[in-house]
Amino acid sequence: MSNIIEHLPVLQIVVPLVAAPTIVLFRNSTLSWILAVLASWFCLFGSITMLNQINGGGEIPTYLIGGWDPHVGIVYQVDIANAFILTLLSGISAVVFVYARTSVRDEIPEAKHHYFYAALLLCFTGLMGMAITGDAFNIFVFLEISSLSGYALIAMGRNPKALTAAYRYLIMGTLGGTFILLGIGFLYMMTGTLNLEELSHAVPHYAETSVVRAAFAFITVGTCIKLALFPLHMWLPNCYTYAPSVVSAFLSATATKVSFYVLLRAMFMLFGAALIAQAKIFLSFVIFLALIGIFMGSLKAIGQDDVKRLLAYSSIAQIGYMVLGLSLDNADGLTGAIIHLFNHALTKGGLFLVMGCFMYRLNSTKIKDLAGIGKKMPLTMLAFTIGGLSLIGVPLTAGFISKWYLAMGALQAGMWWLLVLILLASLLAVVYIFRVLEAAYFGTPEKEHDVEEAPFSLLFPTYVLIGSTIFFGIWTEPMLGAARKSAELFLSSGGAL
Amino acid sequence: MIIHGITIILFLFLYVIAIVIGRSRNLFAAVMLSGIFSLISACLFVIMDAVDVAFTEAAVGAGVSTVLMMIVLNLTSDRESPPVQPKVFPLLVALLTGGVLIYATKDMPAFGDPEALIHQSQTTNHYLWHSFEESHIPNVVTTVLASYRGYDTLGETTVVFTAAVAVMLLLGHVRESETPPKLINDPIALVGAKMLIPYILLFALYVQFHGDFGPGGGFQAGVMFAAAFVLHGMVLSPKHTLKAAPALIIEKLVALGVLLYAAVGIYCLFKGGNFLEYDVLLSHGEKPNPHGQHIGILLVEAGVGLTVFAAMLTLFYKFALRGKA
Amino acid sequence: MSILEIIGSVFLLSGTLVCIIGGIGIVRFPNFFARIHAASVPDTLGAGLCLLGMVVLTCGLSPEQGYDAKLIALIIVKLVSIGIFIFVTSPISGHALAKSAYRDGLGVEPEDDAKSQTQEGAS
Amino acid sequence: MNFIIAASSATHDASTIGGHGTFHYILIMALMMTGIYLILSRSNMIKSIIGLNLFQVAVIMFYVSMGKVEPGTAPILMAEDVPHAEHDGHHDEAHDADSHDAPPAAHSPDPKKDVELGAHTLDHSKKVTVGPTTSKVSKITYSNPLPHVLMLTAIVVGVATTALALSLVVRINEHYGTIEEDELEDKGVLI
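Residue numbers (numbering that gives the first Met the number 0), protein chains in the order written: chain A, 0 to 496; chain B, 0 to 324; chain C, 0 to 122; chain D, 0 to 190.
These aren't lab readings, by the way, just hints derived from the structure by calculation. The C-beta atom is built at its ideal place from N, Cα and C for all residues, glycine as well. The reader is advised that the hints may include incorrect statements.
Stated by the list, open to error - In silico negatives: residues of chain D with every beta carbon more than 10 Å from chain B:
#1 156
#2 186
#3 187
#4 188
Unchecked claim - Here are some chain D residues pointing at chain B (derived, C-beta under 7 Å):
#5 67
#6 147
#7 155
Just chain A, same shape as in the assembly:
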């Protein structure tokens, strides 16, 4: 048992990576689901033990893959930020994979179930690989694994528009991935090493050279494409709307979050304050982009008739919040961004699972089809209401905590007008959430819905996620502590302004 703990960092990736080909080998749908759930639960327990070990002041030794030293081979240096993101990823996937059983049987043809689960596991492996690795080029390799399986998963949506959405996402995603590859190449050219730890020590020496500045530009733009930050977000709405409900839930709660983690890692650890200090206008430009993203996302969300597309646009707005927290560049703002990453993953994952319940019963998520559904599917609608409140940021929900820290960060940075804008944007969120609630509870359906409540196998995982938004809204200590430590780690490594 002890050596499993010792090899935990690499087993987090190897277990799901081995499960995927085993699934393709056995070609059986139930077995595939069981293997997927077991792999994600193993990773969940693994990352929780690692998080507790680090939270308790411990230090996870550097894991030398292949037994080679850091400057020769690839190493895993798991710190608080890694463990935080890993716990989030495996937590979300543990719930979503359990949910997938009935939802996949309803939306995906029987012959392709095992391929679907294999692709889901590969996407999970890729995201975990990006979150944990300590080697720059390794990030690109796992980025490609998660992206390729993501494109295929999105294209499995029943509506043929999913194909064009996946194509558009593929072209933009590959462009982003190649920009990241180019950025890594520039960094390697100037420092001669690919290890993130050595890079974070070597890059500040060359911060003035044009090569490192170009690397900064390419990595940031590449990550922002994957992150769907405002001007580069065109692919996201269609993808989340037309993808199968399991895939929308999984990707909305994990893919953009890992890209945000990579952006954090790059901006603070690799380039650090030396570069950001010089690029003062860059930070204000990023704040400007984030604000446009927030308002454009919220306004577009109000005008949507399909609830899934409404949630997709609201995701763009929430990503704007995270980038806002990042660009405030102080402890509170960064803590707000990291904890918002966690809370938004839970909230948006829960809301998309609710959409899966509606898809299961009504085969549609349009607002006019949901008219008066509150009476027929009360539990599902209650889950949507709680999730909506957390999205708005009502006190006692997780959303409130992150909005609170973002506001504190804004005040600390002396931008009180930002506080007003954050509150204004929350009001917009109120509008588009209540539009759905009003239709669901008070609307009158054209024809009487003859559906009954969503099955327990769908409702239980949904309530796990929705319940956790309340749980982490009240008992904030574990995750908030980890988020604050990660923020301090990022700021200290880069050197605060």
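Could you slot chains B, C and D onto chain A? The hints should help.
What follows is chains B, C and D alone, placed relative to chain A:
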């Protein structure tokens, strides 16, 4: 550092090809030119001493991509509709990116400068002057690929596996084509192929195991194995190749290759080393254990070759058996 | 410039010359089937001559340049096998191209070319 | 052609083109620009995929040219760098170690010593006549093998992406009958 004349000529070829690809509206010509583009870039790689990359680019870039694109052209249409209006935005993006790129060259070390930073780094130093000591393999690229950065290659084999799974997901259900593909009974091509296929397979095996001493290895060998089957499928018909290599078995081979690779890593765990630490294989305790490295690299390259062969063949089946829309 | 190098470079030059003639042939010949001849026949000969030139050049390599007899033999065997490979594939591909064009009903007259050109449209 | 000429003359007048030594990189970067332009400007999906290929091959070429050492050859150890290849199996470690110890002492951090992560051993200023790629024992310099390994990965990733994109194009063509993004946008399918 003088730029060799041949490099300038080859770059000239590349520009001409890139521009003709952009302008020509016959997609068939564009696909063939993209294959030639890959081949000429492979020549450039040889000039820049990257023999393994040249081999892979020629086999994988020019070979597989061009074959897949031509099959897709056959399924869709090989005419491009005339451009509606010249788009300014793409030119803007291209020039902006180009501007940043050329700004980056301001402080770049000169091309081929031995004092450039990456040639001084410890990593290069270790790879060049200690890899033979630790693995007894002359081809440093194979040692770095399979042993020092073996985890990257595991990720890469998973990328190939992901592509195979994704294509199975998208084109999985074989639509029986309304018009059965007309059998091209061309005896001369058939006899020629029959003469060539055994030598292609033999050369693929040579490349698989020669990877330690010269350019070669799992990827190139896997593609060449698949190329032999693709040639058989092209000359006869994919249905005949299916008799020789049934699709179900090939799908299982894709999974088996990745499992073989991961199994070698996990076996190292059980033997007490870290993941993918070949030193513990067949070891009696001495630290640099070339025999363990040899076995590890051999098995790992076999896993890669298996996955790449089966994945490329699956891609060919899924595309070639697709009925015309 | 030893004698072997001179012979080798003569072969190389003649091979390239033949390929250039083939290239000119592709441009100037009237119809598709004539162009196929210009494409496949000279290239096979040109490649063969270049390979022969390379074989002669490798024979001229001396041991103190780091090439002992074993290595030179290996290089020559590789060059000869490439030659055989080209001698088999190049004519066959020319033949397959011509056969499929003929089966698609492409005539020998120049206007057949024009017809296929019009399909091509303003390229 | 205009942007190529503009690019190469924008920052370098003719005299320093060869001198500054980065002209080679500028040639590659112009290819990258062509690739990006092809991806974004062409409405035909297959043309965009070919553009994607061009862009990725150009990035691969950039990596490979980064690894080139001018007087060097391919990173395959030649006969005299391979200690006693024809030795009868067993190598006496002692002899082996000293004849091929680390490269010129001037620059050789002892790799066996556990490298403390913090201290960064290489500094840009120190010029070394004989770089580590030429060991003082052997006369041969080798190009840097690491970019070659990374690019083997990038090529395979490129082919995987192309295969996936082509299967999407086939499925889109089956549903909508066209592979032109403009026509798809007219049908309100692709935003």
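Verification of the hints:
1. 156: Check fails; 5 Å does not lie beyond 10 Å.
2. 186: Given that every Cβ of chain B is farther than 10 Å from that of residue 186 of chain D, nearest at about 14 Å, it holds.
3. 187: 17 Å, holds
4. 188: 16 Å, holds
5. 67: 5 Å, holds
6. 147: 5 Å, holds
7. 155: 5 Å, holds
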